[in-house]
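So the sequence lines, in the order shown, correspond to chains A and B.
Count the first sequence with the working numbering and you get residues 120 to 260, in order.
Count the second sequence with the working numbering and you get residues -8 to 125, in order.
If you are wondering where the hints come from, they were derived from the structure by calculation, not from laboratory data.
Yeah, the Cβ is synthetic: ideal placement off N, Cα and C, and Gly gets one too.
Heads up, a few of these hints could be off.
As the list claims (entries may be wrong) - Pairs of lysine to any residue, SDA-like flavour, derived with a Cα cap of 20 Å:
#1 B:LYS(-6) / A:LYS149
#2 A:LYS258 / B:ALA76
#3 A:LYS149 / B:VAL43
#4 A:LYS130 / A:GLU188
As the list claims (entries may be wrong) - DEER-style ranges, computed between Cβ atoms:
#5 A:PRO207 / B:THR106: 26 to 34 Å
#6 A:THR134 / B:LEU(-2): 31 to 39 Å
#7 B:GLN9 / A:ARG137: 48 to 56 Å
#8 B:ASN26 / A:GLY193: 49 to 57 Å
To be verified - Partner residues are not named here, just some residues of chain B that face chain A (Cβ under 7 Å, in silico):
#9 ASP14
#10 LEU18
#11 THR19
#12 THR80
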Amino acid sequence: MMTTTLTILNKDSMTITREQDVVPCRNRVKEVAIKIGMGLVNQTKLITAASELLRNMLRYGNGGEVLIEAVSKGRESGVRLTFIDKGPGIADINLAMQDGFSTGKSLGLGLPGTKRLVNEFDIKSTVGQGTTITILKWKNG
Amino acid sequence: MEKIPILRMGAFLLVTIQVDLYDRLALTLETDLINMVHKTGARGVLIDISAVSIVDSFMGRILGNIASMTRVLDAETVVVGMQPAVAITLIELGLSLSGVYTALDVERGMSLLQTKLGPNDELTDDDDDADDTE
Chain A
120 MMTTTLTILN KDSMTITREQ DVVPCRNRVK EVAIKIGMGL VNQTKLITAA
170 SELLRNMLRY GNGGEVLIEA VSKGRESGVR LTFIDKGPGI ADINLAMQDG
220 FSTGKSLGLG LPGTKRLVNE FDIKSTVGQG TTITILKWKN G
Chain B
-8 MEKIPILRMG AFLLVTIQVD LYDRLALTLE TDLINMVHKT GARGVLIDIS
42 AVSIVDSFMG RILGNIASMT RVLDAETVVV GMQPAVAITL IELGLSLSGV
92 YTALDVERGM SLLQTKLGPN DELTDDDDDA DDTE
């Protein structure tokens, strides 16, 4: 469980309604990652993961809300991002998490690829109500 | 609307991406590039991404598309200047950019394109009277 002994140091949220919101949001995530001293490679992985999820949120969920948090657990610090949309939801999460699966015209790397880029990945979806995806990248993860 | 400039340099087209791309901007670049290759008869396209801090699956697909489309129009595409962190992330994401030529920097990319073009091709307009298959 990622909630146990996890301290939230800083909390911020952004509303994503259109494509042009993606770049400012990526920049905000980068700022937080830099602030906790995350290295360039992990920063890049985190921002790329965020970019994939932001696109999904816009394309399949009609936009939504992103929570950007700096967190710490013991000596380790990291960035936790939560993507909340009120879209149609995902009927079969296992299928969506497979490499190469896509209902759109993409390569189907978004969800499984994103999971590979971060340390913790959690997805909850209810058909007709929306999808919430939480990712966490440790500074030295 | 924002646009990424495409420069003509002899038989080649040169694109330097200096801004963070959002999807529509990348799609516009794809269309503009293909049209430019068609209009100018360019034999090579060089895309410098040294200022790009992330390449996600969409951007990767656009680069792959550009390479395939230009190839159909008898031109080659070389992507140059990828940052190490971007390369690491791309591979972990699961994208291998297959079918796209890559080079470390603009200089090496240019010489790669020149090699592909061959020694007989002139850097001016190309007349297709070289092959005699009648």
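> Hint by hint, which ones does this structure get wrong, listed from lowest number up?
Replying inline: 1, 5, 7, 10, 11
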